[in-house]
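Protein chains: 6
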Amino acid sequence: MNKQEGERIVDYFIVRDRETSIATNGSEYISLTLSNKDGVIRAKVWDVTEKQKEWLIKRSMIKVDALVTFYRGQRQLNIQRVRLVTDDDAVELNDLLNHASIPREDLWQELRMFIEDIESETLCELIKTLLKKKDIREKLTTIPAAKQYHHAYYAGLLEHIVTLCHVSAQLLQVYPQLNKDVILAVCILHDIGKTKALSDPVVPDYTTNGELIGHVVLSIEMIIEGAIEAGISTDHHEVLAVKHCILSGHVQDSVQSGVNSKTAEAIFFQHINKLDNQLNALFMIGNETNEEWTFSPMFKRRMYTSGN
Amino acid sequence: MNKQEGERIVDYFIVRDRETSIATNGSEYISLTLSNKDGVIRAKVWDVTEKQKEWLIKRSMIKVDALVTFYRGQRQLNIQRVRLVTDDDAVELNDLLNHASIPREDLWQELRMFIEDIESETLCELIKTLLKKKDIREKLTTIPAAKQYHHAYYAGLLEHIVTLCHVSAQLLQVYPQLNKDVILAVCILHDIGKTKALSDPVVPDYTTNGELIGHVVLSIEMIIEGAIEAGISTDHHEVLAVKHCILSGHVQDSVQSGVNSKTAEAIFFQHINKLDNQLNALFMIGNETNEEWTFSPMFKRRMYTSGN
Amino acid sequence: MNKQEGERIVDYFIVRDRETSIATNGSEYISLTLSNKDGVIRAKVWDVTEKQKEWLIKRSMIKVDALVTFYRGQRQLNIQRVRLVTDDDAVELNDLLNHASIPREDLWQELRMFIEDIESETLCELIKTLLKKKDIREKLTTIPAAKQYHHAYYAGLLEHIVTLCHVSAQLLQVYPQLNKDVILAVCILHDIGKTKALSDPVVPDYTTNGELIGHVVLSIEMIIEGAIEAGISTDHHEVLAVKHCILSGHVQDSVQSGVNSKTAEAIFFQHINKLDNQLNALFMIGNETNEEWTFSPMFKRRMYTSGN
Amino acid sequence: MNKQEGERIVDYFIVRDRETSIATNGSEYISLTLSNKDGVIRAKVWDVTEKQKEWLIKRSMIKVDALVTFYRGQRQLNIQRVRLVTDDDAVELNDLLNHASIPREDLWQELRMFIEDIESETLCELIKTLLKKKDIREKLTTIPAAKQYHHAYYAGLLEHIVTLCHVSAQLLQVYPQLNKDVILAVCILHDIGKTKALSDPVVPDYTTNGELIGHVVLSIEMIIEGAIEAGISTDHHEVLAVKHCILSGHVQDSVQSGVNSKTAEAIFFQHINKLDNQLNALFMIGNETNEEWTFSPMFKRRMYTSGN
Amino acid sequence: MNKQEGERIVDYFIVRDRETSIATNGSEYISLTLSNKDGVIRAKVWDVTEKQKEWLIKRSMIKVDALVTFYRGQRQLNIQRVRLVTDDDAVELNDLLNHASIPREDLWQELRMFIEDIESETLCELIKTLLKKKDIREKLTTIPAAKQYHHAYYAGLLEHIVTLCHVSAQLLQVYPQLNKDVILAVCILHDIGKTKALSDPVVPDYTTNGELIGHVVLSIEMIIEGAIEAGISTDHHEVLAVKHCILSGHVQDSVQSGVNSKTAEAIFFQHINKLDNQLNALFMIGNETNEEWTFSPMFKRRMYTSGN
Amino acid sequence: MNKQEGERIVDYFIVRDRETSIATNGSEYISLTLSNKDGVIRAKVWDVTEKQKEWLIKRSMIKVDALVTFYRGQRQLNIQRVRLVTDDDAVELNDLLNHASIPREDLWQELRMFIEDIESETLCELIKTLLKKKDIREKLTTIPAAKQYHHAYYAGLLEHIVTLCHVSAQLLQVYPQLNKDVILAVCILHDIGKTKALSDPVVPDYTTNGELIGHVVLSIEMIIEGAIEAGISTDHHEVLAVKHCILSGHVQDSVQSGVNSKTAEAIFFQHINKLDNQLNALFMIGNETNEEWTFSPMFKRRMYTSGN
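Protein chains in written order, with the working numbering: chain F, 281 to 588; chain D, 281 to 588; chain E, 281 to 588; chain S, 281 to 588; chain A, 281 to 588; chain W, 281 to 588.
Just so you know, the hints here were simulated from the structure itself, not pulled from any lab data. There may be inaccurate statements among the hints.
Which copy? The list can't say, so a pair holds if one copy fits it or any two copies do.
[To be verified] The calculated DSBU-like cross-link candidates involving lysine-lysine, where the alpha carbons are at most 30 Å apart (straight line), are: (1) K338 x K427; (2) K408 x K476; (3) K460 x K580; (4) K554 x K460; (5) K580 x K331; (6) K476 x K460.
Assemble the whole structure, with the sequences as input and the hints as a guide.
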């Protein structure tokens, strides 16, 4: 959003979070976190009424008339008028969601073609057994890859998966020694546990499963369950290779699994996964700012965002 | 072993490892790693014959006539005569194995009683489904808890499990808020993945599964498979609680799982597990030395071993 | 406290901290940190008078009439009326203090019995010499074990000490090789330096001694002084064993002493001390929240607080 | 090398290191480190003569007749006969050097084509100014990329550079937002400081410059000198971008430069550089072993080397 | 500043930063960061006019009439009246700048004398070539040594340099083995890159060069450029020694260069540099507080500031 | 020692350590660690007799006739003839000890003068009370400052103390704000605990006290005992300041005390202490080598030792 301080904005938003407080003059106000395709923005509604408190809740779609202010260097909306979206607005949830730059349907088509490229019947069967379950497929193709920082938008995980497949396809020409089937299967399945770890695609939150087991081991659990259902040995050498890549491929401070990468495919996946996550994170910051330098909480430093 | 330098020793041993080399005078010799109930010791056979090279192999049971020497502060045997054990020796593998101070059968009886103490039918059923498989039960009750450092002897894992059950039973009286069923199930199942990660009870080595997946996640995999077989949901809240304790309970540098402890039971288990491992490690060192201070590779410092 | 947003509350509190500010309308207001048995809460007094500024100070006992609001997810009081407690209120400091679940007198009785259990005359004499000093005994039995996070309430240190004695008594049955006298003495004396490091039991703050020397080495200093007074050699082998456990038992990032644990008793104490501190910290969080998941600044992650 | 213990080997080698010692029988022997295309191997010459001590020196090319032995799991040669290579042997240094799998001339051709791909005149000019110096070009196309672990063979650095160019060319199709010119220039120049940090291509050692300044900052120094010579501002925005990628791209423990990556190109380069180094390191280990698992000092763990 | 809460203050300031916000009553206000010789202070202007917004900008010199308030323990000004400084005020920028306790001219004289003490013609020539450039000399003698924490005032860098020269001169008498010329040259040149990394002496900010290259490597770059200009080899052994000390002398977490100190001079410089930075940081805190204990963001702990 | 390989050496040594082994030809030999003023060297006696085994023990003074060999790059003696030193040799222990470059008596005189410089009666009295005890004074003036690495020679601690006093005297002129009395007292007393932590000046080993308490806290204990004996309050503000500097001044990995430095004097002492230890360590390496670069186990890297 390029609006300057003091400019007026009239637009539609989803309510992502809200909190009621009492102002220094004793009247009640609501602090909102709103989002639409342009990103996330904080907002305030002063002298809020009891009625407003009833429908200004998480997940509501609203129309807002507000002035742009700045607080600690970040835009914030001073809401003058606000109401729920009605049918007349002809606005749908999908219109308000920030999502991947490529349509979800196209990404899904690309993913299916990459699955066709896998020659191993075992891995093909494993992937199809998991993706033919409607709830898994539905969620895998809609949730973000992370709550924030990278691919943090509708169908972000699907975009991440398909990009990793493209990266792999390109680099397998440079490193032909690597096992293509294992790598593609890892690209496709490595975050499948997030379908159980994240609550929903619009306002994602960690589930109890996500908190207690973590998405890495949840991915392993789902692969085990899929293999059993498909009649594949859970110790099949290709399944083992895939599991190892997933377990060793998440080496971030807070999400460490039991083993370090010990195969060429695991080393390969670890680096392309980090590469795509970090590049996407930097592109996300760049899209939201007009500054040349922007502080990034993920990188924990100021990043060059070029200012245009 | 208390033998002094230069003393003669005649005894039975298992060959744990061997390597052939050529001495500075051009003749061949063999370096052996031997073990019996008294611990592990290195040995050398000079001017080795072709015949000897054939039967002086890993897992052989041998009778040795040797002189004690010291090399870099450690005892070493200078073998004068050596032959394979014969029936006449009336020596069995079991006689040569260092094992837990309590007979394996008694430990197994104690373990069964702790299983009876679990009131949750879900957890009871899960444990019994896993332990009634002969290969799992056989291995769980014979392998060491680790290749070296702590409980590194025959049935060491079983002793570790039973000790943890005793510790838990004692401390549940001080902390009655904790869930007894979850804690006992964790004590019993937390290292079950080691039955797949370690090759065998006598000369344990890491399996490919152990290297690529690690025993922590292997434990989770086996619980998932056991639950599916027993018709229990893999997300059942008690199963989830057990899995969380196992995943978060192994916080050693080289074996980290996906999550930190987030429940009271997980915190509890993490500390008693470390306590028992470290105390056992120190007791093991103390049993093998007569020195007041002994360097421990596990603790990475000199430990007080009191000299008696 | 279970009050919802907007509910009215009339209750007694201790003032733990206060700060004067000027509101955006130019009038002065006071931000207070209050506490009573239900825990700690922040509060605001708007349009404060000069008189109020005189008596609304640290350690004042006050009666408050306020509305509950929320700020960044935490309850806060919007104080409408406030006055000092008077004799007519029949409220005593003790009534407002959050303290251990077991009466301080009972804890003291238990502690005395554990001291009787110590068979070493040297250690018994050392403990008694220190505890018979009124100022030490008084403080040891009233201060919290920490300013926040764990056992952070009246007599919290005493409760921590007695719990550790119980834990030790239970586990000595599982690990009979350990020296009971040394362990009990360590449980009782390990935090005695906190009587010099913390200013007072009600609004504890670090003393200059606490900042410059730290409570660990202060404990050692007090043991040295006690030993000299009791005519015990400061290098007596049991005193040395106790000092080693204390020095090596505090392995937190910010409070490290000179040595790592090198004896079985030191290893033992280190783990039970952490166990009790962490469990108590989690129980404290659980008591103050109705949420299923609560962020803990001590654990630096969301903890499962079960929501009931 | 696949020779078994006790087999005879007759072959040519370069002497990389040697040390004289006195055996337990009082006679002198020499320990050698030898290498040829098959890798590096240790060897011993017993009862060495004064003459032999004169010509068995670093960099000598020798012909050896030896028996294969094993010491601590590694092959070692027990040399029976040894002499210097003569003209009659028709063996050249080049024949004995382990080098990149692609001929150095072909790699150089590929590198020149990548330079042609750079559209920025500034960067093109900078690269050509540096590479047209004979000593730099000579060394850049012959030295290994590292003394050991990865690309540690003749022309290893050149192979590393060309592989990075290929990786970049492939991935720029997936990430078209990245600046191709900057990335190619970084691939080509990022290790140019190694031409000053490493002593020579055959038996590379760190120079005083390499020890005191490190190859990262030496690369920056050479770019500065090249820019001055070519009449380019040392702060030109493209030169700045290249320098930043180089400085931030070496995040290994022992070789850290002043800044973290803050641009998309720097993030990109950092990951593909690590990817190529680690894959090459693993391939190098795989080529030298027949074992399924091999300990790697670089990865500090056992790596899967598949055993064929 | 010793003003108490509620006291009035009338004084001159420089505007260092400003931000416009909208108050809860809908009116606009400006948050300012002001500074003068007494340090830095935050301030608020309520009900700000459009005119005021035009001239209340970064770098403005203003006269303020305000009341002192406290916010989170820090003084803050509640501005009642404010206007730009006029000629009649007879206030100059210099009067408002906090600077080194010794006049900049005297420091410059001292620095010149230390340069005269250097006997090496090479190092003398190198330093003079760099310092005779007006823009470098101008900036080196006016900028602070850091944006905050230590020597963070006008000519702070010059004071830091001169103090290091004094420290070196004193300690060379205790350690006469050290190379005086190298050490003095390092003291003088070690932060010369800050003249390119920091934007200006009054409101210093990081330049793009500073962000992308860092001041350590910028210092090396400038020395290289200076040497080339002066006709000195960039690898001259004394220049190499100086560069090594600079590269290895900045071992702070966020600013690490490529090498650890490997010479006596580098070890020496590393410690005296840290010593002067930390002592100055503590003295700066002490000057700004009347408290006995003050939290320091640089030291990340409460420091003893003695209260007078 | 500059002897080349194969040269003969006839000299006197102290035996610091010995070990008996059996050679590959079955005969016994002894490995010795010897030292004299030139440093430490390893040696071997082949075909050792029973008699020799009796008197070739730790602390023996011997005369040796040997050939110089090299093993793993280090000189080693191949002893041909060896006997105990006799009265006729007119060699005394003192002649064989490597010690500080300044005579111990002169260092003691200097130390006494620094004590006279302390104006605080409290600190003067404290120091004198401790140093007038014969066993403390005797040991403080003879032991090394560390077992190896720095000041690891006879009276090394005394030299370290006196050098620190000189450094302080010099720098107090640059930083006159610092408290001279506290700093001098810290220089003198900071390692007094080493008189209890190290066994003896010739072949120093850690005592049980040293292992269990560590020399830092032992220093505090001795200061407490000294203060009590001298009738000084153990919390006297100057004693407190000294204790704080000692506790916070040892920030090495293995020897951490309870607190970080929080006073100017503590910061000062921490840096000069590290400076002197590291410079001395580097000078020690330099004295023992003729190489330009030498690997240092303390610095864990190759250090520049200039080769002359």
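Status of the hints after comparison with the structure:
1. K338 x K427: within (16 Å within a copy, 37 Å between copies)
2. K408 x K476: This pair counts as both: shortest intra-copy Cα distance 18 Å, inter-copy 28 Å.
3. K460 x K580: between (35 Å within a copy, 27 Å between copies)
4. K554 x K460: both (19 Å within a copy, 20 Å between copies)
5. K580 x K331: For K580 and K331, neither the intra-copy (41 Å) nor the inter-copy (38 Å) Cα distance is at most 30 Å.
6. K476 x K460: Result: close both inside a copy and across copies, 27 Å intra and 28 Å inter.
Hint 5 from the earlier list is the only one contradicted by this structure; the remaining hints agree with it.
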